[in-house]
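A.B. asks: These are the residues of each chain, in order.
2 protein chains.
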Amino acid sequence: MPLLRRRLVLTVALAVPALARAREAAVPVEAARSIPARPLPVPGTVSPALQALIGAPYPPGWDTVPVDAAGWRALQTASSAAMAPHLPALRAALRVQVERSSIAGVPVFVITPDILPPANRDRLLLHLHGGGYVLFPGEVGAGEAMLMASHGGFRCVSVDYRMPPDHPFPAALNDASAVWRALLGQRDRRRMAIFGSSAGGGLTLATLLRARQEDLPLPGAIAPGTPWCDLAGAGDSLQANAFVDNVLVSGSGWLAGAARLYAGGRNLADPLISPIHGDFTGFPPAILTSGTRDLLLSDTVRVHRKLRQAGVVAELQVFEGQSHAQFISPGVPETTEAFREIALFLDRHLL
Amino acid sequence: MPLLRRRLVLTVALAVPALARAREAAVPVEAARSIPARPLPVPGTVSPALQALIGAPYPPGWDTVPVDAAGWRALQTASSAAMAPHLPALRAALRVQVERSSIAGVPVFVITPDILPPANRDRLLLHLHGGGYVLFPGEVGAGEAMLMASHGGFRCVSVDYRMPPDHPFPAALNDASAVWRALLGQRDRRRMAIFGSSAGGGLTLATLLRARQEDLPLPGAIAPGTPWCDLAGAGDSLQANAFVDNVLVSGSGWLAGAARLYAGGRNLADPLISPIHGDFTGFPPAILTSGTRDLLLSDTVRVHRKLRQAGVVAELQVFEGQSHAQFISPGVPETTEAFREIALFLDRHLL
Chain A
1 MPLLRRRLVL TVALAVPALA RAREAAVPVE AARSIPARPL PVPGTVSPAL QALIGAPYPP
61 GWDTVPVDAA GWRALQTASS AAMAPHLPAL RAALRVQVER SSIAGVPVFV ITPDILPPAN
121 RDRLLLHLHG GGYVLFPGEV GAGEAMLMAS HGGFRCVSVD YRMPPDHPFP AALNDASAVW
181 RALLGQRDRR RMAIFGSSAG GGLTLATLLR ARQEDLPLPG AIAPGTPWCD LAGAGDSLQA
241 NAFVDNVLVS GSGWLAGAAR LYAGGRNLAD PLISPIHGDF TGFPPAILTS GTRDLLLSDT
301 VRVHRKLRQA GVVAELQVFE GQSHAQFISP GVPETTEAFR EIALFLDRHL L
Chain B
1 MPLLRRRLVL TVALAVPALA RAREAAVPVE AARSIPARPL PVPGTVSPAL QALIGAPYPP
61 GWDTVPVDAA GWRALQTASS AAMAPHLPAL RAALRVQVER SSIAGVPVFV ITPDILPPAN
121 RDRLLLHLHG GGYVLFPGEV GAGEAMLMAS HGGFRCVSVD YRMPPDHPFP AALNDASAVW
181 RALLGQRDRR RMAIFGSSAG GGLTLATLLR ARQEDLPLPG AIAPGTPWCD LAGAGDSLQA
241 NAFVDNVLVS GSGWLAGAAR LYAGGRNLAD PLISPIHGDF TGFPPAILTS GTRDLLLSDT
301 VRVHRKLRQA GVVAELQVFE GQSHAQFISP GVPETTEAFR EIALFLDRHL L
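Residue numbers (my numbering), protein chains in the order written: chain A, 1 to 351; chain B, 1 to 351.
With the rest of the complex left out, here is chain A (with noise of 0.2 Å):
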């Protein structure tokens, strides 16, 4: 009966699948599998609005790594510029004021909700935004902070950090990290969080790994979104979600450029710059946020795994049919959904 011997195979990956495969490695392993092309279609299982999201076209030029810093400098602008008209309408929207500010000389925006409620009087979010450390300077990078304030009701800093071209690794650390410093003169740790999605995500992790270096309190929580923790890309989605992702797409695009400029010549795995390589014992109570589609859906998974491996409170939320930080999307009701969770677990973990 060769068909049920061959089945056979099946029925045990279903049971105790090891057994035969691992131990005694009776299957062969393949170096790299080849999946074929195939069409993939726009799930009906989530609102309307994140439909439109995730049947969007790839963004064209996602394969594009600019040549020269002047190159980067004029990406990192229009990144910015595109979205700086429509600020006006995303502050009225969400119920926010945003001030422009600056502490320890490090420019930041102060954003605080319409409505803030008592319990939420004495705390305070520090915001470091995404970008792939390249992109969003300015208010626009503060987009993610209005979402938090707004469905939260906390108020943020969104810390307007120095980058590469000009600024590589580690500006953006000493500049979140001379804010941090200062705001625990301030303020109780335990009242305090820091989140961000993607390179925030990833620059969350690193400022608490420098915090403990300089024996500075850590907050009382955080928040990291789809953090960009290994900058080298070894995270397995990088390849399964490749083109499946409609935001990032690859990492084999401009994606992998920003690292390499970021990074400035240091060495990827430098656990400032690749968090995952850090050690995350102690670390404050987390939550993370990804998608089923997302590129840095591994990157994820992996901090939220050797977070618990630590032995820290961790929790994992991930969105149906998302590509990469497609939960901070004003307008779409599963954007409410997550920012209200990240909230509900800040507010019990926080002071």
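Keep in mind that a hint or two might mislead.
Identical copies go unnamed one by one, so any copy, or any two together, can satisfy a pair.
Derived lysine to any residue pairs resembling SDA-like cross-links, with alpha carbons at most 25 Å apart [stated by the list, open to error]:
no., residue 1, residue 2
1, Lys306, Asp347
2, Lys306, Ala232
3, Lys306, Ala37
4, Lys306, Gly331
5, Lys306, Leu216
6, Lys306, His349
7, Lys306, Leu272
I should point out that these hints are in silico values taken from the structure, not numbers from a laboratory.
Start from chain A and add chain B according to the hints.
C.D. replies: Frame of chain A, contents of chain B only:
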């Protein structure tokens, strides 16, 4: 500057993507994106034992659906016959005793760990095995319960429920429910949990829905692993992870046939068949487990989100690089990690 202009779509996507896309619908929506063919290497971010599993080729026969009852019966018998010879070694390695018994007339296996911690002496876990509601009759189906007993130190009762082709829905649910009802007569519901993966995860949820219909108490916690909660296969990862998952490979293979076989002509949208359509209000704390390559990752996260929307304490763990139910693999470090996490969660929530 056409290049810059084209890049804006990308950059906007990272900051506040929906504002332009979802509201103004400025970007055309594709009904189905075409994903190119590509190689998928084995990731270096998991243990060598797990790498061996991830590197295994597709199970031969994954895309063949038996054409008649005799074909299904042969597959069913073979699924267990293949693993049965390994059971003594598995029991010995896991240090568990397995006893064949029956509860309320339903055949069960009672699994007792050699070391039963005092805290777990009065606790009991009800296990419902996976296999598409058609595979793994007999003791082989209890393999997952042996892992739970071993890594968690819990006594488990694994239900050898009736299956198609001879016994389609609701036979399995009737059996699981009968055992649950009987166990309630012996023990405080708060000292019991229900768990299982794949079809066993779906059946766990269905058993709770049925218990509520019948005004029976619910358990103190549940642990549905990668629950097959939508037999119509609407979850996005059934498409996105097709050919990426090397256990199920695709939802259009034998899995679709198993769904029809189990439903026996009933509506796949029946919440007792596809519990994603059920009401999870009042469910006990739940921990869900999946993998980044899992064909049922979407089923898992949809259940997680729906539980959270219902206000239920629900935690999610997703393992790097794993295909469907690969966390149930003896001898793999990530398996120990997964089951210890589940055990910790149950310990926290059971009386």
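A.B. asks: If the cutoff is 25 Å on CA atoms, where do lysine 306 and aspartate 347 land: within, between, both or neither? Let me know, please.
C.D. replies: both (23 Å within a copy, 21 Å between copies)
A.B. asks: Given identical chains, is lysine 306 near histidine 349, meaning Cα to Cα at most 25 Å, within a copy, between copies, both, or neither?
C.D. replies: Both, since 20 Å and 23 Å are each at most 25 Å.
A.B. asks: Have a look at lysine 306 and glycine 331 and pick one of within, between, both or neither, based on CA distance no larger than 25 Å.
C.D. replies: This pair counts as between: shortest inter-copy Cα distance 20 Å, intra-copy 33 Å.
A.B. asks: Evaluate lysine 306 and leucine 216 at a C-alpha cut-off of 25 Å and name the case that applies: within, between, both or neither.
C.D. replies: This pair counts as within: shortest intra-copy Cα distance 22 Å, inter-copy 39 Å.
A.B. asks: Within, between, both or neither: how does the pair lysine 306, alanine 37 come out at a Cα-Cα threshold of 25 Å?
C.D. replies: neither (34 Å within a copy, 32 Å between copies)
A.B. asks: Within, between, both or neither: how does the pair lysine 306, alanine 232 come out at a Cα-Cα threshold of 25 Å?
C.D. replies: Within one copy only: 17 Å inside a chain, 35 Å across chains, cut-off 25 Å.
A.B. asks: How do lysine 306 and leucine 272 come out at 25 Å by Cα distance, when the copy is not named: within, between, both, or neither?
C.D. replies: Within one copy only: 16 Å inside a chain, 36 Å across chains, cut-off 25 Å.
In terms of the numbered hints stated before, the structure departs from hint 3 and from no other.
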